[in-house]
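Given next are the chains, with one letter for each unit.
Protein chains: 2
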Amino acid sequence: MVTRKECEARDRDDELKGFRDQFLLPDEVIYLDGNSLGPLPKVAAKRIQHVLAQEWGEDLIRSWNAHGWIDLPQKVGNKIARLIGAGTDNVVCADSTSVNLFKLLAAALRIRPDRKVVLSDTANFPTDLYIAQGLIELLGGSRELRLVETASVESEINSDVAVVMLTQVDYRTGGLHDIARVTQLAHEAGALMLWDLSHSAGALPVDLLGHGVDLAVGCGYKYLNGGPGAPAYLYVAPHLQDDIRPPLSGWMGHDRPFDFDQEYRPASGIARNLCGTPAILSLSALDAALDVIGAADMNAIRKKSQDITGLFMDLINERCGVFGFDLLTPNVPEKRGSQVSMTHANSYPIMAALIENGVIGDFRSPNVMRFGFAPLFLRFVDVWDAVDRLHGIMSERAWDRDEFKVKAAVT
Amino acid sequence: MVTRKECEARDRDDELKGFRDQFLLPDEVIYLDGNSLGPLPKVAAKRIQHVLAQEWGEDLIRSWNAHGWIDLPQKVGNKIARLIGAGTDNVVCADSTSVNLFKLLAAALRIRPDRKVVLSDTANFPTDLYIAQGLIELLGGSRELRLVETASVESEINSDVAVVMLTQVDYRTGGLHDIARVTQLAHEAGALMLWDLSHSAGALPVDLLGHGVDLAVGCGYKYLNGGPGAPAYLYVAPHLQDDIRPPLSGWMGHDRPFDFDQEYRPASGIARNLCGTPAILSLSALDAALDVIGAADMNAIRKKSQDITGLFMDLINERCGVFGFDLLTPNVPEKRGSQVSMTHANSYPIMAALIENGVIGDFRSPNVMRFGFAPLFLRFVDVWDAVDRLHGIMSERAWDRDEFKVKAAVT
Numbered sequence: 001m002v003t004r005k006e007c008e009a010r011d012r013d014d015e016l017k018g019f020r021d022q023f024l025l026p027d028e029v030i031y032l033d034g035n036s037l038g039p040l041p042k043v044a045a046k047r048i049q050h051v052l053a054q055e056w057g058e059d060l061i062r063s064w065n066a067h068g069w070i071d072l073p074q075k076v077g078n079k080i081a082r083l084i085g086a087g088t089d090n091v092v093c094a095d096s097t098s099v100n101l102f103k104l105l106a107a108a109l110r111i112r113p114d115r116k117v118v119l120s121d122t123a124n125f126p127t128d129l130y131i132a133q134g135l136i137e138l139l140g141g142s143r144e145l146r147l148v149e150t151a152s153v154e155s156e157i158n159s160d161v162a163v164v165m166l167t168q169v170d171y172r173t174g175g176l177h178d179i180a181r182v183t184q185l186a187h188e189a190g191a192l193m194l195w196d197l198s199h200s201a202g203a204l205p206v207d208l209l210g211h212g213v214d215l216a217v218g219c220g221y222k223y224l225n226g227g228p229g230a231p232a233y234l235y236v237a238p239h240l241q242d243d244i245r246p247p248l249s250g251w252m253g254h255d256r257p258f259d260f261d262q263e264y265r266p267a268s269g270i271a272r273n274l275c276g277t278p279a280i281l282s283l284s285a286l287d288a289a290l291d292v293i294g295a296a297d298m299n300a301i302r303k304k305s306q307d308i309t310g311l312f313m314d315l316i317n318e319r320c321g322v323f324g325f326d327l328l329t330p331n332v333p334e335k336r337g338s339q340v341s342m343t344h345a346n347s348y349p350i351m352a353a354l355i356e357n358g359v360i361g362d363f364r365s366p367n368v369m370r371f372g373f374a375p376l377f378l379r380f381v382d383v384w385d386a387v388d389r390l391h392g393i394m395s396e397r398a399w400d401r402d403e404f405k406v407k408a409a410v411t
Numbered sequence: 001m002v003t004r005k006e007c008e009a010r011d012r013d014d015e016l017k018g019f020r021d022q023f024l025l026p027d028e029v030i031y032l033d034g035n036s037l038g039p040l041p042k043v044a045a046k047r048i049q050h051v052l053a054q055e056w057g058e059d060l061i062r063s064w065n066a067h068g069w070i071d072l073p074q075k076v077g078n079k080i081a082r083l084i085g086a087g088t089d090n091v092v093c094a095d096s097t098s099v100n101l102f103k104l105l106a107a108a109l110r111i112r113p114d115r116k117v118v119l120s121d122t123a124n125f126p127t128d129l130y131i132a133q134g135l136i137e138l139l140g141g142s143r144e145l146r147l148v149e150t151a152s153v154e155s156e157i158n159s160d161v162a163v164v165m166l167t168q169v170d171y172r173t174g175g176l177h178d179i180a181r182v183t184q185l186a187h188e189a190g191a192l193m194l195w196d197l198s199h200s201a202g203a204l205p206v207d208l209l210g211h212g213v214d215l216a217v218g219c220g221y222k223y224l225n226g227g228p229g230a231p232a233y234l235y236v237a238p239h240l241q242d243d244i245r246p247p248l249s250g251w252m253g254h255d256r257p258f259d260f261d262q263e264y265r266p267a268s269g270i271a272r273n274l275c276g277t278p279a280i281l282s283l284s285a286l287d288a289a290l291d292v293i294g295a296a297d298m299n300a301i302r303k304k305s306q307d308i309t310g311l312f313m314d315l316i317n318e319r320c321g322v323f324g325f326d327l328l329t330p331n332v333p334e335k336r337g338s339q340v341s342m343t344h345a346n347s348y349p350i351m352a353a354l355i356e357n358g359v360i361g362d363f364r365s366p367n368v369m370r371f372g373f374a375p376l377f378l379r380f381v382d383v384w385d386a387v388d389r390l391h392g393i394m395s396e397r398a399w400d401r402d403e404f405k406v407k408a409a410v411t
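Those protein sequence lines, which keep their order, are chains A and B.
So for the first sequence, the numbering used here puts the first residue at 1; every next one is plus one.
So for the second sequence, the numbering used here puts the first residue at 1; every next one is plus one.
To be clear, the hints were calculated from the coordinates, so they are not data collected in a lab.
Hints may contain errors.
To be verified - Straight-line distance between alpha carbons at most 16 Å, and here's what the computed EDC-like set of lysine to aspartate or glutamate pairs gives:
no., chain 1, residue 1, chain 2, residue 2
1, A, 5, A, 388
2, B, 42, A, 144
3, A, 116, A, 144
4, B, 5, B, 297
5, B, 46, B, 21
6, A, 42, B, 21
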């Protein structure tokens with residue numbers, strides 16, 4: 001069994017160890033929820049001070065030019081592009097993941113007007129499914145959202161399919177779709193491929209251009225550490241950019257927004273996917289945060305992610321196996337993202353007790369305990385200590401007693 | 001002619017004079033662009049410090065509940081509701097004005113499925129027109145955006161019209177539509193009425209419930225002082241709320257977002273109009289900013305707005321009449337919002353010279369000089385000084401010479 005001392009040694013050898021100090025992290029907390037909300041990069045706090053005191057406070061409206069607010073969606077998009085294997089001017093940052101998904105899904109259905117089906121899996125993050133449902137209803141019902149089990153996705157890709165819409169990392173199990181393979185199958189069937197990278201960007205290398213992905217969206221507040229509700233992003237492959245007819249055709253996507261023409265005319269390239277005025281405070285925090293992860297080697301991130309998730313799973317098996325946990329996350333490192341999930345009959349109160357003890361993970365209905373492992377700030381000893389605290393909690397109490405179930409219902 | 005001394009006296013008697021100190025305003029600047037970006041309320045800066053250090057930095061993911069992030073769109077919406085004559089739970093704050101307009105316009109066209117026309121005027125803010133164009137194109141072209149001159153709007157409301165979509169204050173001239181009258185005409189014709197309040201909320205009293213308005217949207221970063229790109233808001237009349245089928249059906253508008261169901265089921269009431277995860281930094285700044293304007297009497301704001309816009313127009317006529325300015329803004333106080341616009345053959349370089357001299361207004365293509373008068377922080381002496389500086393600039397230079405036209409082209 002791995003000892004705490006060995007974990008300390010691995011931390012000393014960790015090539016990413018210098019990054020932890022770039023985050024503000026509360027004392028005594030082991031934060032295993034960076035996959036839901038990344039912690040505050042010190043440079044983001046500093047940037048926001050500047051935005052408040054100087055940009056908004058002092059320079060006011062002039063900051064649209066003087067501090068580059070007007071170009072921020074593209075600038076931030078280009079920083080994200082480097083994390084996901086996209087090129088310059090393939091990505092813009094704006095709005096929420098849900099809104100961006102709506103934009104690209106609507107555009108994709110226009111590019112494949114004769115095909116009826118949006119194909120996705122039942123494991124997709126619900127808001128992605130809701131957005132597809134809402135869009136299809138809006139369009140009058142001639143399209144169909146076809147939901148299949150994850151294992152059946154590949155065999156269900158056929159010539160009815162206009163778009164295959166998937167989230168690369170399963171938000172519950174942490175299981176990974178094979179981007180290369182699914183994208184290729186979609187293209188062989190004449191469908192477009194749309195990936196949601198919310199749980200993968202910043203956690204593992206993504207190669208959108210290399211795999212010929214058509215469209216992608218993702219989230220700014222998870223592994224990118226952009227802050228709560230940070231703006232999201234969208235990617236359009238270069239060869240498709242001029243085919244996009246933006247359904248949300250706001251002025252920021254206009255070719256000449258400050259001419260104040262009465263007719264919408266889309267900007268050339270990726271900028272046409274912008275809509276309203278960007279939320280500068282939130283966008284600036286993300287812009288600064290990206291400089292932290294942008295300085296890290298994505299292969300080193302992936303390697304450490306696999307190491308610490310693997311260590312967590314090993315320690316759970318070794319020290320907590322007797323307590324009735326079932327790991328949901330693939331044991332093969334190449335098949336999982338950067339999280340570990342498990343179930344237990346008393347998942348909810350156990351997670352509540354862990355959080356009380358300073359180990360912050362989260363609970364996903366109906367019975368999933370989910371732990372995210374962000375390699376930039378987590379140490380091997382954190383993994384060891386987290387399992388140690390879980391072991392302590394499980395040893396002290398009789399978790400099969402009814403009192404815990406009652407507690408779950410009222411917390 | 002009004003003297004500076006008389007302006008000082010009016011400032012001493014101003015019942016809103018206590019508000020100016022609640023803003024961070026740069027020295028030596030007379031800020032006549034609060035209609036484009038409101039200045040920084042000190043309380044908003046303080047709130048953002050708290051969001052950074054405590055909420056995001058220390059409490060992390062727990063802040064969704066511990067600091068009420070999850071309810072912030074409704075909480076902020078309710079604060080805005082009090083400024084626009086709406087009731088509790090009639091307004092939510094989210095996304096951009098453009099995105100919110102898309103949501104409500106799409107919903108309105110479903111509520112009036114047999115009517116073809118969206119009626120608006122050529123003076124509407126361009127992004128509103130673009131959004132309507134994009135939506136209509138998305139829906140396949142069976143609908144029509146009918147654009148008429150402002151003076152013809154009332155006579156063009158007929159039984160073809162599904163929705164009348166107007167911005168209350170003309171962003172160029174500052175002229176006001178009559179909300180009561182146009183709403184009534186729309187209803188008599190069986191159409192829905194959708195108002196964009198971006199240039200009116202916070203600048204003049206609005207009575208949405210009193211006038212029976214169906215739908216409204218508006219902006220958070222103008223007179224509400226929520227910061228650059230602050231989230232926008234939308235209003236739905238109580239009797240229509242359950243008829244809204246949200247086209248942007250994201251998880252935040254789901255009846256039970258944390259059940260992670262596969263099927264979208266809209267929340268009851270106004271919350272169904274939410275979509276993705278809210279941008280907490282930007283939303284928190286707006287939340288704090290609203291406490292400033294929320295403490296002011298809207299009738300006092302309107303009275304002072306009419307006084308200072310009137311003073312500006314009088315002083316322009318008296319002191320700058322010889323320089324060839326043409327006022328665009330209605331002289332009758334009841335017929336204008338809180339801005340004054342004028343044209344000049346050399347508008348662009350004159351505005352640039354004014355800004356260099358610390359009087360910040362803005363320029364709107366092709367030749368409009370626009371000055372916003374936000375009553376919460378502007379003084380009567382500011383108005384006097386602004387005209388005085390303009391008079392100085394106009395007196396010092398020969399603005400009909402070609403060098404200024406050249407300068408305009410390169411600035």
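Broken hints, by number: Of the numbered hints given earlier, those the structure breaks are 2, 4, 6, listed in rising order.
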